[in-house]
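Asker: Sequence:
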Amino acid sequence: VFSRGSIQITFELLRKRNPRLALAVRNIAGGEPLAKDYDKLLDDKDTDHFRVELDSYNVREVVEELMTFTYPDAVDRQNPGVNIMARTLMQDWLLLAHQMVANLAGDD
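So the mapping is simple: this note's numbering equals the position in the sequence shown, first residue as 1, plus 7.
These are calculated hints, taken from the structure and not from any lab test.
Keep in mind that this is a model prediction, so the values were computed, not measured.
Among the hints, a few may not be true.
Here are the in silico distance ranges between beta carbons for each label pair [as the list claims (entries may be wrong)]: (1) 40 with 84: 33 to 41 Å; (2) 82 with 39: 36 to 44 Å; (3) 84 with 107: 33 to 41 Å; (4) 107 with 24: 20 to 28 Å.
A virtual CB, placed ideally from N, CA and C, is assigned to each residue, including glycine.
Produce the entire structure from the sequences given, and follow the hints as far as they go.
Answerer: Listed below in C-alpha cells is the structure:
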C-alpha cells in the first residue's frame with residue numbers, strides 16, 4: 008500500500024529515466040483508492056492510498072532505478088532532497104519486494 012504522494016514522487020523520479028515504468032507507477036494512482044475508515048469530512052485526495060499490484064520484475068526495476076539516485080556521483084548538490092526522497096522511496100519499494108517474496112514462500 009502506497010500513498011498518492013509516494014506514487015507521484017516515484018513517477019516524477021522515474022519518468023525521464025524510464026518512461027514505461029514511470030507510466031505503470033502513475034497508473035496505480037489512477038485506480039480506485041483504498042477505503043478510508045475515518046470521517047468523510049476529511050476526505051482529501053492527498054490522503055488516498057493504493058494497493059500496488061505490479062509484478063515482481065517491475066518492482067525490482069523501480070528499486071534499481073531509485074537506487075541510481077543514491078549513488079555518490081548522483082547527488083544533486085543544488086537539491087539534495089531529491090536523493091533523500093529517492094532513498095526513502097527505495098526503502099518502501101524494497102519492503103514491498105520483501106513482502107512479495109514472503110508471500111511466494113508462503114504459497115509453497
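Asker: For the range 33 to 41 Å, tell me whether the beta carbons of residue 40 and residue 84 fit it or not.
Answerer: Since residue 40 and residue 84 have Cβ atoms about 37 Å apart, the given range 33 to 41 Å holds.
Asker: Is the gap between the beta carbons of residue 82 and residue 39 within 36 to 44 Å?
Answerer: Check passed, 37 Å falls within 36 to 44 Å.
Asker: Can the suggested window of 33 to 41 Å be confirmed for the beta-carbon pair residue 84 and residue 107?
Answerer: holds (35 Å)
Asker: Using the C-beta atoms of residue 107 and residue 24, is the stated range 20 to 28 Å upheld?
Answerer: Holds: the Cβ-Cβ distance is about 23 Å, inside 20 to 28 Å.
Of the numbered hints stated above, none is contradicted by the structure.
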